[in-house]
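Peer 1: Please work from the sequences and hints to get the whole structure.
Line by line, the protein sequences are chains A and B. Counting in the working numbering, the first sequence runs from 160 upward without gaps. Counting in the working numbering, the second sequence runs from 149 upward without gaps.
Only true hints are included.
Restricting the straight-line Cα-Cα distance to at most 20 angstroms, the calculated cross-link-like pairs of lysine to any residue (SDA-like) are:
| hint | chain 1 | residue 1 | chain 2 | residue 2 |
| --- | --- | --- | --- | --- |
| 1 | A | Lys-392 | A | Arg-430 |
| 2 | B | Lys-370 | A | Thr-257 |
| 3 | A | Lys-181 | A | Gly-382 |
| 4 | A | Lys-242 | B | Glu-279 |
| 5 | B | Lys-208 | A | Ser-174 |
| 6 | B | Lys-371 | A | Thr-257 |
| 7 | B | Lys-208 | B | Ser-271 |
| 8 | A | Lys-272 | B | Gly-290 |
| 9 | A | Lys-234 | B | Ser-287 |
Because the hints were derived from the structure by calculation, they are not lab data. Note that this is a predicted model, so its numbers are computed, not measured.
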Amino acid sequence: MIQLIDVSKSFNSDSHTVHAVKEVNLTIREGEIFGVIGYSGAGKSTLVRCINLLERPTKGKVLIDGVDLTKLREKDLRAYRQKIGMIFQQFNLLGSRTVFENVAFPLKYRGRKKSEIRERVLSLLELVGLEDKANAYPSQLSGGQKQRVAIARALATEPKILLCDEATSALDPQTTKSILRLLKDVNRKLGITIVIITHEMHVIKEICNRVAVMEGGRVVELGDVVSIFSKPKAQITKEFINSTSNLSKIDELIKEKSQIVDLKAGERIWRLDFHGSETKEPIIVQLAKNFHIEPSIIFGNVEVISDTVLGSLIVLVKVDQEREQEVIKYLEEKQIKVEVIKYA
Amino acid sequence: MHSLMANYTPNLLDYWPEFINSIGETLQMLFFSGIYSYIIGLFLGVLLVVTREGNILENKYIYRALDIFVNIFRSIPFVILITALIPITKFVMGTFIGVKGAIFPLIMGCIPFFIRQVDMALSTVDSGLIEAAQAMGLSPLGIIFRVYLRESIPALARSITITTVSLLGLTAMGGAVGGGGLGSFVIRYGHNRFYQDITYVSVVVILLFVTIIQFIGNIVIKKTSH
Ligand SMILES: Nc1ncnc2c1ncn2[C@@H]1O[C@H](COP(=O)(O)OP(=O)(O)O)[C@@H](O)[C@H]1O
Ligand SMILES: [Mg+2]
Numbered sequence: 160m161i162q163l164i165d166v167s168k169s170f171n172s173d174s175h176t177v178h179a180v181k182e183v184n185l186t187i188r189e190g191e192i193f194g195v196i197g198y199s200g201a202g203k204s205t206l207v208r209c210i211n212l213l214e215r216p217t218k219g220k221v222l223i224d225g226v227d228l229t230k231l232r233e234k235d236l237r238a239y240r241q242k243i244g245m246i247f248q249q250f251n252l253l254g255s256r257t258v259f260e261n262v263a264f265p266l267k268y269r270g271r272k273k274s275e276i277r278e279r280v281l282s283l284l285e286l287v288g289l290e291d292k293a294n295a296y297p298s299q300l301s302g303g304q305k306q307r308v309a310i311a312r313a314l315a316t317e318p319k320i321l322l323c324d325e326a327t328s329a330l331d332p333q334t335t336k337s338i339l340r341l342l343k344d345v346n347r348k349l350g351i352t353i354v355i356i357t358h359e360m361h362v363i364k365e366i367c368n369r370v371a372v373m374e375g376g377r378v379v380e381l382g383d384v385v386s387i388f389s390k391p392k393a394q395i396t397k398e399f400i401n402s403t404s405n406l407s408k409i410d411e412l413i414k415e416k417s418q419i420v421d422l423k424a425g426e427r428i429w430r431l432d433f434h435g436s437e438t439k440e441p442i443i444v445q446l447a448k449n450f451h452i453e454p455s456i457i458f459g460n461v462e463v464i465s466d467t468v469l470g471s472l473i474v475l476v477k478v479d480q481e482r483e484q485e486v487i488k489y490l491e492e493k494q495i496k497v498e499v500i501k502y503a
Numbered sequence: 149m150h151s152l153m154a155n156y157t158p159n160l161l162d163y164w165p166e167f168i169n170s171i172g173e174t175l176q177m178l179f180f181s182g183i184y185s186y187i188i189g190l191f192l193g194v195l196l197v198v199t200r201e202g203n204i205l206e207n208k209y210i211y212r213a214l215d216i217f218v219n220i221f222r223s224i225p226f227v228i229l230i231t232a233l234i235p236i237t238k239f240v241m242g243t244f245i246g247v248k249g250a251i252f253p254l255i256m257g258c259i260p261f262f263i264r265q266v267d268m269a270l271s272t273v274d275s276g277l278i279e280a281a282q283a284m285g286l287s288p289l290g291i292i293f294r295v296y297l298r299e300s301i302p303a304l305a306r307s308i309t310i311t312t313v314s315l316l317g318l319t320a321m322g323g324a325v326g327g328g329g330l331g332s333f334v335i336r337y338g339h340n341r342f343y344q345d346i347t348y349v350s351v352v353v354i355l356l357f358v359t360i361i362q363f364i365g366n367i368v369i370k371k372t373s374h
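Peer 2: Below, the structure is given as structure tokens:
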């Protein structure tokens, strides 16, 4: 378990002070995949570097399984870092060493036996699917392969925590997916707690259990991914969620006075948000049956996050003003949130 | 061969033993001042890099002292440096003339140059690698040997090549002032007596040296780059 207690970090330069992280309190549970999302400069990297004390917090405590890392002596801290693996956006492989030597690097430094190193490195390379690249140099690998080597190297000393700072930001979507799958695998098979830093909501959506949203050095929203996606509170969280769906398109269409959203008398555009089990009910059919309303779907978006369906539909309906409230009430009883986006 | 030389390089033939001897002296100066400069320069160069602001052993005082030392010594023209160093050279080496007297000023002239070369070579090591090594729990000494030095071997090979060529130039000058080596040989005969054949053959010998140094350097760089 990782506990950040009242952690702040500021940087002093000659002329001014940058408060990169401000009074952050976070508990990351054992074995979870925890995401930290925020725009560039939000303080994500600084925060994650406070976990292994690459940055020493100006204030606050960093507890891992109850041990306050800020109280350790340099030497003990360095020894402790074996238990915290880290991977980076730029992979940071040692270019003068082969894939095998890169993965062996932390083990060799700890003076492990040669035969033990060999066995461990080969099994790690198998785990990340690069057995055949043991003798290649990093310059001969693709970005995805490099990150796999970095993951193997980070796992070499059997850490209980893996920190990932924008680990997929330099990769194409396909490769990003495969790396995320590998991380999920690692989390499941080895029970390693993973902390993922990203500016991309789809990464969070793909593998995280919980997420912290950062803005201006602070954590502005925190929760499990499903509830963050279904009920975002902070404005910035909404922006991030919009970035992964096409729903915000409707605002553009309206602004552009597109023909698609050109309404006749009595017509409205609704946004329906639903999640979980209610999606199994034939809502559209029931609307037709009970109210003689036949919504036509303009477009929609469905996310599946940790086995929960989160869906949104933008629909065009024709309904009398008097009956509208009644219909909306009916839908909300069915746990479907209705937002009237445009009247005729 | 003998008649060919008698025709084209009559003066060189007259001073042949002295010519061979001066080549030996140049190599001696190059070898000894090189060895010392590289060992001391590498140590100080690494120290300069790791004590720089934000680096693993940040230390304002050591960094500033080294930086100022390098800048001052690099800006003094070598001929003047030799003269200025005479009392110290005499104290350290027991003499300030000949090959022995040239080695000390050569080292003092070469070290600052080499420190800068080492500085540049180590700067080719991405700061991300240092960060990754720190995250793995390497000590500063571990980072210096296993990351900085190991990862910059090709760049350091280039540094040594460049420095050796520049040192060769210094030996010619050092020899000219203190006496000894090809430099002084050319001044004595090529310059003062205007035996042009001696000058040209010496130029060819120096060019040959430079070529050999660069050839070896390139092989090492190629072998160690991946
Ligand atoms: N070593 C540093 N020195 C000075 N300022 C820094 C340093 N590291 C980060 N910062 C500043 O702290 C803020 C947060 O940076 P960072 O944690 O890298 O953000 P993110 O990873 O979210 O993009 C930025 O304004 C950045 O300029
Ligand atoms: Mg960052």
